[in-house]
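Asker: Take a look at the letters that make up each chain.
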Amino acid sequence: MTSNPSNGNKGEVLLEMRDLRIEGQSDEQWHEIVCGVDLTLRRGEVLGLIGESGAGKSTIGIAGMGFTRPGCRISGGTITFDGIELTSAPEETKRALRGARIAYVAQSAAASFNPAHKLIQQFAEAPVQHGVLNSSEASKNAIDLYRRLQLPDPETIGSRYPHQVSGGQLQRAMVAMAMACKPDLIVFDEPTTALDVTTQIEVLAAIKDVVHQFNTAAIYITHDLAVVAQLADRIMVLRYGNLIEEGETRAMLAEPKEDYTSQLLAVRSYQRDEMPPTQEDPPLLEVRGVSAGYGPLIKVLDDVSVKIERKRTVAVVGESGSGKSTLARAITGLLPPYEGSVLFKGQPLPPSYKNRTKDQLRQVQMIYQMPDVALNPKQKVRDVIGRPLGFYLGMDEAARERRMRDLLEMIELPADFADRLPGELSGGQKQRICIARALAAEPELIICDEVTSALDQLVAEEILKLLQRLQDELEVSYLFITHDLATVRAISDQIVVMLRGRVVQQGGKTQVLTPPHHEYTDLLLSSVPEMDPDWLDELLDKRAS
Amino acid sequence: MDKILKMIAQRLALGAVTLFIVSLIIFLAVQLLPGDLAEAILGQAATPETVAAFRRELQLDLPAYERYLNWLFGILQGDLGRSLANQREISELIGGRLLNTLFLAALAAAIAVPLAVTLGVLAALYRNSFYDRTVNMVTLTTISFPEFFVAYILILVLAVNMSVFPSISNVSSDLGFWERAYRSILPALTLTLVVVAHMMRMTRAAIINLLASPYIEMANLKGIKRSRIITHHALPNALSPIINVIVINLAYLVVGVVIVEVVFVYPGLGQLMVDSVSKRDIPVVQACSLIFAATYVLLNLTADILSILSNPRLLHPR
Numbered sequence: 298m299t300s301n302p303s304n305g306n307k308g309e310v311l312l313e314m315r316d317l318r319i320e321g322q323s324d325e326q327w328h329e330i331v332c333g334v335d336l337t338l339r340r341g342e343v344l345g346l347i348g349e350s351g352a353g354k355s356t357i358g359i360a361g362m363g364f365t366r367p368g369c370r371i372s373g374g375t376i377t378f379d380g381i382e383l384t385s386a387p388e389e390t391k392r393a394l395r396g397a398r399i400a401y402v403a404q405s406a407a408a409s410f411n412p413a414h415k416l417i418q419q420f421a422e423a424p425v426q427h428g429v430l431n432s433s434e435a436s437k438n439a440i441d442l443y444r445r446l447q448l449p450d451p452e453t454i455g456s457r458y459p460h461q462v463s464g465g466q467l468q469r470a471m472v473a474m475a476m477a478c479k480p481d482l483i484v485f486d487e488p489t490t491a492l493d494v495t496t497q498i499e500v501l502a503a504i505k506d507v508v509h510q511f512n513t514a515a516i517y518i519t520h521d522l523a524v525v526a527q528l529a530d531r532i533m534v535l536r537y538g539n540l541i542e543e544g545e546t547r548a549m550l551a552e553p554k555e556d557y558t559s560q561l562l563a564v565r566s567y568q569r570d571e572m573p574p575t576q577e578d579p580p581l582l583e584v585r586g587v588s589a590g591y592g593p594l595i596k597v598l599d600d601v602s603v604k605i606e607r608k609r610t611v612a613v614v615g616e617s618g619s620g621k622s623t624l625a626r627a628i629t630g631l632l633p634p635y636e637g638s639v640l641f642k643g644q645p646l647p648p649s650y651k652n653r654t655k656d657q658l659r660q661v662q663m664i665y666q667m668p669d670v671a672l673n674p675k676q677k678v679r680d681v682i683g684r685p686l687g688f689y690l691g692m693d694e695a696a697r698e699r700r701m702r703d704l705l706e707m708i709e710l711p712a713d714f715a716d717r718l719p720g721e722l723s724g725g726q727k728q729r730i731c732i733a734r735a736l737a738a739e740p741e742l743i744i745c746d747e748v749t750s751a752l753d754q755l756v757a758e759e760i761l762k763l764l765q766r767l768q769d770e771l772e773v774s775y776l777f778i779t780h781d782l783a784t785v786r787a788i789s790d791q792i793v794v795m796l797r798g799r800v801v802q803q804g805g806k807t808q809v810l811t812p813p814h815h816e817y818t819d820l821l822l823s824s825v826p827e828m829d830p831d832w833l834d835e836l837l838d839k840r841a842s
Numbered sequence: 640m641d642k643i644l645k646m647i648a649q650r651l652a653l654g655a656v657t658l659f660i661v662s663l664i665i666f667l668a669v670q671l672l673p674g675d676l677a678e679a680i681l682g683q684a685a686t687p688e689t690v691a692a693f694r695r696e697l698q699l700d701l702p703a704y705e706r707y708l709n710w711l712f713g714i715l716q717g718d719l720g721r722s723l724a725n726q727r728e729i730s731e732l733i734g735g736r737l738l739n740t741l742f743l744a745a746l747a748a749a750i751a752v753p754l755a756v757t758l759g760v761l762a763a764l765y766r767n768s769f770y771d772r773t774v775n776m777v778t779l780t781t782i783s784f785p786e787f788f789v790a791y792i793l794i795l796v797l798a799v800n801m802s803v804f805p806s807i808s809n810v811s812s813d814l815g816f817w818e819r820a821y822r823s824i825l826p827a828l829t830l831t832l833v834v835v836a837h838m839m840r841m842t843r844a845a846i847i848n849l850l851a852s853p854y855i856e857m858a859n860l861k862g863i864k865r866s867r868i869i870t871h872h873a874l875p876n877a878l879s880p881i882i883n884v885i886v887i888n889l890a891y892l893v894v895g896v897v898i899v900e901v902v903f904v905y906p907g908l909g910q911l912m913v914d915s916v917s918k919r920d921i922p923v924v925q926a927c928s929l930i931f932a933a934t935y936v937l938l939n940l941t942a943d944i945l946s947i948l949s950n951p952r953l954l955h956p957r
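If you're matching them up, the sequences are chains A and B in order.
Per my numbering: the first sequence = residues 298 to 842.
Per my numbering: the second sequence = residues 640 to 957.
Bound-form chain A, shown alone (with noise of 0.2 Å):
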């Protein structure tokens, strides 16, 4: 590890928080989402922070800057940097701190690059606005940094606009604009979570790699234990804005103190036994050589057969553009196939939705990623779920709350939700009103389009062993598609393994599974990140070699 003189010492306290309180604002009222938190990083050090939304820790993060989100204030405690203390400096001291000193890498590049300016003139604006150096000099850092981080063409890269770029390039461009100014201190917020696994892993290594170039240190922000582990030196787990246990991270892993650390340990634990397959004849659903795009250039499925049986999980995973959403819209009709047909036992399903007959149309169907999408905010819950009962079943009022009560207490939720709107839910419950709005229809096939990448991990497995128990009892087959490999793991019986429209291996789960893999399916599945600190490291040692 190279050391850069202009960074200080190791060793040197950098940023410390002590007792820091933050309130926000929500219906007038102020109350606190940061509770009294100490932190204290070390030039050159990672500190991960982790937790669930709502933990406190971007909050955090950004306070390390001295700044606050709209409708956020700082009530209490102090952050001092490098002997300046933000929460009572002036506006332009803390300006000139930002993207000079202490710099910020944010979740999704496509929306934090301003989409009406190339790449190169969004990384030589801090260091030519602070003064740092002048625009040819950034212009020719940047090159350098693009080359470092293993951008594409890094001496022509800059020259683009944000959106002609990928997501996993974008993301690194942007860790690069945080080293323009080579600062003491990056805040790193979520930055791999919107990302492929496999474009993840890059990310991680390229972020890894500068941090260590130039002795950064940083703040790692992130909800997964395993990627931190890869990166931080020190962990600090958060709760609803408190502090519940801070450590080095290989204590921390391999011995953690709290529960709800060890509950966040386990959270890829879940896992259920492959069920064999029923070889009925014919299966519930069969899509049989289907190919569909959008408009006649744009293919995006080629060729995709698949079986659902009866009371069987079918797992689709790809990368996203792989066509796992779009198998599921030739499905439901909503996307009708240029070739190929779609069996409903036996009988071919009309290739439109518009053409199906009601029965048709109840016996498949969907929920969806995003649940505060997917529900309308107006509607509360007594009608979202008495819709489908009226339409598809004919159910007067009466019939139609004693079966939505019914259904309330299969997705375990008390009676009185019935009133609510999905504003007054949170995200885990809006996802199982959504699940009790697909069962109300009374399917035989749910297609779950990643139902539980929007959701916290625990929050997810709740989800996930809420459906599991559902199959079991009501004797539904589920299409899941999902990036998520433990999801894969956890709740499948058969396996659709996708690249760019095409299946490419597909089978029962313990096979698809075990080695020897097709090679798309090893790079998937090595891809996921493990507890272990050391396994970033010793893949990228494997895959170079």
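With a cut-off of at most 25 Å between alpha-carbon atoms, the simulated PhoX-like pairs for lysine-lysine come out as follows:
#1 Lys-415(A) <-> Lys-642(B)
#2 Lys-391(A) <-> Lys-864(B)
#3 Lys-645(B) <-> Lys-596(A)
#4 Lys-604(A) <-> Lys-651(A)
#5 Lys-596(A) <-> Lys-642(B)
#6 Lys-864(B) <-> Lys-415(A)
#7 Lys-505(A) <-> Lys-839(A)
#8 Lys-604(A) <-> Lys-642(A)
#9 Lys-596(A) <-> Lys-651(A)
#10 Lys-864(B) <-> Lys-479(A)
#11 Lys-608(A) <-> Lys-642(A)
Hints in this document: simulated from the structure, not taken from any laboratory.
Here the structure of chain A is known, so what remains is to put chain B in place on it, guided by the hints.
Answerer: This is chain B only, laid out in the frame that chain A set:
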């Protein structure tokens, strides 16, 4: 780039269809005017024979659809017809007037657009400050008064009391640019006061709307100055709605100036149209209406194209 050219061609075609429909509506609306044109022009003393002869001369005895088709083909060949009042070619009559109106609109736009955008950017920058509230209130006040009232107030203050500008805009084609601008300044100022509020408020709203975006937060966390964040990060992305509202106001500057032209006796197209209506000079009214409609269509087309050019996703495809 091909995509953009194709889109422009499509919009142009659509604009042509719109104009065709508008020409139909204009013609039908004129048909609905009460009374007989020939009688109205010749007066009550005319004998039935003279009226009938005059009707033949004006081709009023032909069925309506035939007159419409004659008119339409005339326009397509660049012939707007002749004025009933003085038998002059309408194109000759309108030419100079149209230039005058465009000059006035351009002058008003040259004052109003930079002023409105600057005021809007500053209002977004100092949101909810005393400045913001004052600008909002003043511009709202000026838009709330009727145009003629604003016009007379300006005449009273700037022409009568202070005697800095002429109250009658007596322009002609032989004047130099500055003299022309000087004589047109009061109507231009009146128009400015009328249109500035709308554009300024849209600029402010469009920018403020973007201030919650992640890339604005990113710019803040890069330590960029607030003024630069507004002008460099928010404004370029807010251009599309701002351009649209500017163009609608520009169209208003061309076609909505009738009252202002009358107040200042400005020899523009609006004046001509008012005169022609009172003289029942139908061909001139029709021609003016069609020119106004064409202005609207063209300006909105420009807005669409500029909006697309301001969007890097469309200008620089992957």
